Amino acid sequence: MNDKEADIKNIITRKLYSMEGFNQRKVLIISKYTERTRVNLLLLKFFLQERGKRGVFITIDRPHQYMSYLLKLHSVSQKNLIFLDTVSIISGESDFIYEQDNNVCFLNGPCKTDFLKDLATKGYIAGDIPKQEIDLKNVDFILIDDVAALKKYNSYKDLEDFLVSYMSAIANLKNIMAPIVLDVNKNKQLYKIITNNCDKILLVNLSKSLVKDIKSGERSDILSIQSLTPSILGVMIRNAEPDGGV
Amino acid sequence: MMNNGFERLCSGIEGVDSLIEGGFPYPSVILVAGPAGTGKTTFTQQFLFEGAENDEVGLYITTLSEPPKWVMHYMSNFKHLNKEHIGKKVLFRDIGNLVRNATAEELLDYIDEEVAGTMAQRVVIDPITVAKVFLGEAYRPFLFDLVNRLKNWRAVSILTGEVSVTETYPSEVAYAVDGVILLTYQEADGSRRKYIEVLKMRGTDHRTGKLSFAITKNNGIVVLSGNF
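From first to last, the protein sequence lines stand for chains A and B.
Throughout, the working numbering is defined as the position within the first sequence, counted from one, plus 5.
Throughout, the working numbering is defined as the position within the second sequence, counted from one, plus 16.
No lab work stands behind these hints, which were simulated from the structure alone.
All figures in this text were calculated on a predicted structure; none of them were measured in a lab.
We put the CB at the ideal spot given by N, CA and C, even for glycine.
Each hint should be verified, as a subset may be incorrect.
[Unchecked claim] Selected chain B positions facing chain A (in silico; Cβ < 7 angstroms):
no.	residue
1	31
2	71
3	72
4	130
5	137
6	164
7	170
8	224
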């Protein structure tokens with residue numbers, strides 16, 4: 006890790022620490038899609054390594070072993086992490102499904118969007134391997150690798166229902182921090198749903214070393230690329246073709 | 017209606033993005049195929065340096081065509097490639113020895129390690145076709161696994177494919193990848209012109225037909241607007 010990366014990691018870590026204190030658990034993290042994996046890794050490092058928290062990483066975008074590999078590469082212990090892998094079964098990498106990793110629960114695909122209920126239910130599909138019940142009271146954080154990936158497998162209505170019930174469940178659980186990482190440019194409808202239900206919005210641009218709280222008055226401005234001005238972001242935004250990215 | 021449009025990465029080659037709805041689907045694996053001298057390596061360098069300009073990490077893996085030193089030597093002549101990115105955002109790896117001696121699984125493990133370790137958003141393997149000679153029957157499953165893994169590492173990857181003048185593209189690779197771009201020569205009026213053609217680009221309304229292109233020191237590959 007170079008100095009620039011260490012600085013940005015420290016800034017994000019401080020923000021996350023402060024959110025714990027203020028009980029802000031449903032946080033939307035806006036990031037470029039090309040930085041999604043890095044942001045997820047950074048969040049997992051914060052929860053698992055910095056804070057020694059217990060959590061669940063739900064994989065919709067790609068099989069769990071990719072993040073598991075990265076965590077190993079970065080010497081992050083996975084003993085307090087459970088993977089809820091929704092996608093291996095359709096990913097052409099089914100060899101992993103029959104590995105008896107203690108910390109992986111496999112689902113039958115990402116079309117079913119009631120993961121919290123799944124987590125609290127005994128007997129996952131994992132080859133023939135039964136998994137233990139997970140008590141959400143013992144979980145400190147839940148992170149979804151790419152919530153926007155659910156668009157590929159679910160209708161808009163189902164996805165909206167899922168997000169509303171997911172965030173409502175998180176609010177009721179009272180002990181779980183649940184960041185949602187999203188690139189706004191391709192996901193404006195999801196952004197609107199999430200902002201109506203989240204406690205805090207953070208804009209993160211790792212390559213520009215930028216972390217910024219988005220205040221309630223600025224939330225709607227984020228939807229317009231043109232309005233992503235230096236005054237809001239603190240940096241110049243390149244209007245990239247075709248999707249842009251913040 | 018929910019917008020299901022793909023995230024895309026721009027190619028870095030003037031005139032290519034407009035052929036493919038603005039860029040390569042992210043993630044995806046693209047084959048750039050053509051005979052010697054058509055500009056395959058130049059294409060890949062422009063792709064990687066464009067990513068570096070956008071703060072993305074690019075990983076160039078050379079197999080058995082030429083060592084990175086000579087790739088960089090010839091690329092240094094292109095004025096638009098910012099050399100400050102070399103070793104920082106454009107990383108070079110040589111797996112020539114590994115390709116000669118390793119099994120398919122060892123090759124895949126090495127590529128996994130490099131792509132995961134660098135967290136590259138753009139990857140080039142130049143050329144991939146040489147692995148066929150050493151892997152034999154394991155080549156096709158290797159390609160399938162490689163393509164799947166590269167996409168799951170969340171990168172847009174370009175595999176280059178060498179073909180003889182009588183061959184259009186390496187079919188085993190073309191079946192496995194998400195996109196195929198052909199670079200070809202064609203004789204016209206006593207000289208050979210270079211042409212680019214998008215043969216396949218999954219999930220994309222891509223333009224069909226051959227378009228002429230030039231390679232210049234100032235801009236590298238530039239697709240010309242007419243078909244010539």
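Status of the hints after comparison with the structure:
1. Against a cut-off of 7 angstroms between C-beta atoms, the interface hint on residue 31 (chain B) is violated, since the closest Cβ of chain A lies about 13 angstroms away.
2. For residue 71 (chain B), the interface hint holds, since its Cβ comes within 7 angstroms of a Cβ in chain A; the closest pair sits about 3 angstroms apart.
3. Interface restraint check: residue 72 (chain B) against chain A, minimum CB-CB distance 6 angstroms, threshold 7 angstroms, status holds.
4. The restraint placing residue 130 (chain B) at the interface with chain A is violated, with a minimum CB-CB distance near 11 angstroms, outside the 7 angstroms limit.
5. This hint holds: residue 137 (chain B) has a C-beta 5 angstroms from the nearest C-beta of chain A, less than the 7 angstroms allowed.
6. For residue 164 (chain B), the interface hint holds, since its Cβ comes within 7 angstroms of a Cβ in chain A; the closest pair sits about 5 angstroms apart.
7. Because the closest C-beta pair between residue 170 (chain B) and chain A is about 5 angstroms apart, less than 7 angstroms, the hint holds.
8. Because the smallest distance between the Cβ of residue 224 (chain B) and any Cβ of chain A comes to about 20 angstroms, over 7 angstroms, the interface hint for this residue is violated.
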